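In order, the protein sequences belong to chains A and B. For the first sequence, our numbering gives the first residue as 1, with consecutive numbering after it. For the second sequence, our numbering gives the first residue as 1, with consecutive numbering after it.
Worth flagging that the hints you see were computed from the coordinates, not collected in a lab. Since we're looking at a predicted model, the values are computed, not measured. Just so it is clear, CB atoms sit at the ideal spot from N, CA and C, and this is done for glycine as well. There could be a bad hint or two in this list.
Said to hold, decoys possible - Calculated pairs, DSSO-like style, for lysine-lysine (alpha carbon to alpha carbon, straight line, at most 27 Å): (1) 197(A) x 289(B); (2) 267(B) x 12(B); (3) 131(A) x 33(A); (4) 197(B) x 180(A); (5) 54(B) x 33(B); (6) 267(B) x 197(B); (7) 183(A) x 267(B); (8) 12(A) x 180(B); (9) 251(B) x 251(A).
As the list claims (entries may be wrong) - Coverage of chain A stretches by chain B, computed from C-beta distances (three or more under 8 Å per stretch; other residues unrestricted): (10) 171-181; (11) 195-209; (12) 214-227.
Number of protein chains: 2
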Amino acid sequence: MAFDAIETPFGKVDSIIGGSAIYVAYAASNFVKPVQQVSIVGYDFPAEEMAELKRRGVQLEGVEVIPDKKSFFWSGRYHEDMNTRDTLITDLNVLADFDPKLPDSYQGAEFLMLGNLQPKIQLSVIKQLKKRPKLIVMDTMNFWMEVAMPDLEETLKQVDLLMVNDAEARQLTGQFSLVKAAKTILQMGPKYLIIKKGEHGALLFHGDDVFFAPALPLEEVFDPTGAGDTFAGGFIGHLAKTGDISFENMKRAIIVGSAMASFCVEKFGANRLKEVSMKDISRRIEQFKELVSFEIELV
Amino acid sequence: MAFDAIETPFGKVDSIIGGSAIYVAYAASNFVKPVQQVSIVGYDFPAEEMAELKRRGVQLEGVEVIPDKKSFFWSGRYHEDMNTRDTLITDLNVLADFDPKLPDSYQGAEFLMLGNLQPKIQLSVIKQLKKRPKLIVMDTMNFWMEVAMPDLEETLKQVDLLMVNDAEARQLTGQFSLVKAAKTILQMGPKYLIIKKGEHGALLFHGDDVFFAPALPLEEVFDPTGAGDTFAGGFIGHLAKTGDISFENMKRAIIVGSAMASFCVEKFGANRLKEVSMKDISRRIEQFKELVSFEIELV
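With the rest of the complex left out, here is chain A (with noise of 0.2 Å):
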């Protein structure tokens, strides 16, 4: 949870609540309550944001709030083509100390999404949970493959899906096919594996097993920014709402993640998902379907 200030071609916004677990609530709490958040924030992270957490169903218990410093605070600008960014200033302030304790009303949580942090942090959220729950999602990023190998590497093999983009994808395994990096990274611990591709849409494999999601077509990307982890808080939310972690229903969940993520990029920040409702949601999932669907007889 934290605040970014964003420039894209079409505008900026100077301070506006971002991080990965924001994204990931606001998705995720169309689906499921209570959505039990773990984050840091600092002194200067609005009541009425909290507030609105609340109202979605988004517990806070476990966000820490750290009365004498400031929150967590990322400043980016985007390129021409939305694709490349540049980071131009990252302040941890809070996350420099940040060693997340699970309350004790959070144990038994059946679905964890790890947003990306230091793999070590992830793990000791992993240990924190008494029981394992059914399914545990990860992301990362190619930043701690650099800083971090051998931690990520052990936080690996206790989670059962990773999701990353293709670059990621491709420095985890120094493979550049994504059929062959994905199946060296079944084979690191995750049972799944998504791999995220921007406008070009998102893979799934299992085992054998691969499905692909398209990115909705869409006239104008306003700021791309929360796109990945408000996918991540699709997924996870459709998986938790549902209970079922069989292939095929990820297959939905990642439809469900795309549709979120297609709304996400509309506005700055996460402003588009706060406005959106079932209605819009659907609809959207229904042009997913459109985009995709043929009948074809086999000769």
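Given chain A's structure and the hints, the job is docking chain B onto it.
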């Protein structure tokens, strides 16, 4: 119809049969016969290749043979990522004076596929047909946008479907968003547009309708040369076989084209295309169905 020298990270060939018309013919002849070829070759084009094409139902009356000149020759080297390549040599040879004359026996053709070439030559073929075909499909490339834009615009007005890659769609319109680029192109003449995104699949646009077909995630892309032309051949081959140019059937045709392209990249040149059976093709199409099919109940 040409000779190519190709170098990929996996190997090299000094001289292999290639050219748009070869790939289109090999792909389309699986679905429809005859394929009436219009092209030009030199004295060096092998008789056994001509015989093989004839065996597959490709008519060669429209293929001019120049006795004192060499066939078109292209040489290129692919980078490690297989998505980008350097052209090393382009010897136009016979192609420098190509002025196709449509044989009378080709009159009445219902489906016309215009491979990438000077827009003026593409237009001349259209004009030589006394009865307008049911569907005219056109491929082009960035080069013609740079050196022959007025001709390209004129030709575009005469075709039903344009097939370009994402970079070409952007260059043709000056729009980065493919959705916006599509809208612009659909006002330039074609009623249908296919944007090929290589390993990221292909999009079909028509009015407000859009369909997305993935590329098959492949363990290894051995040689991408001709994949786009093979896609085109499978696409128009399926349409010609069924005689149905509805949007629904174009979706199927795109899947067929994608399946054919997925074979093409498995070996150098058109080698793999020469081997595959209808059974192989059906099995591959089945993989595409599995790759994207999902069932979801709307909330």
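ask   = For which of the previously enumerated hints does the structure constitute a violation, in increasing order of number?
value = Of the numbered hints given earlier, the structure breaks none, since each of them holds.
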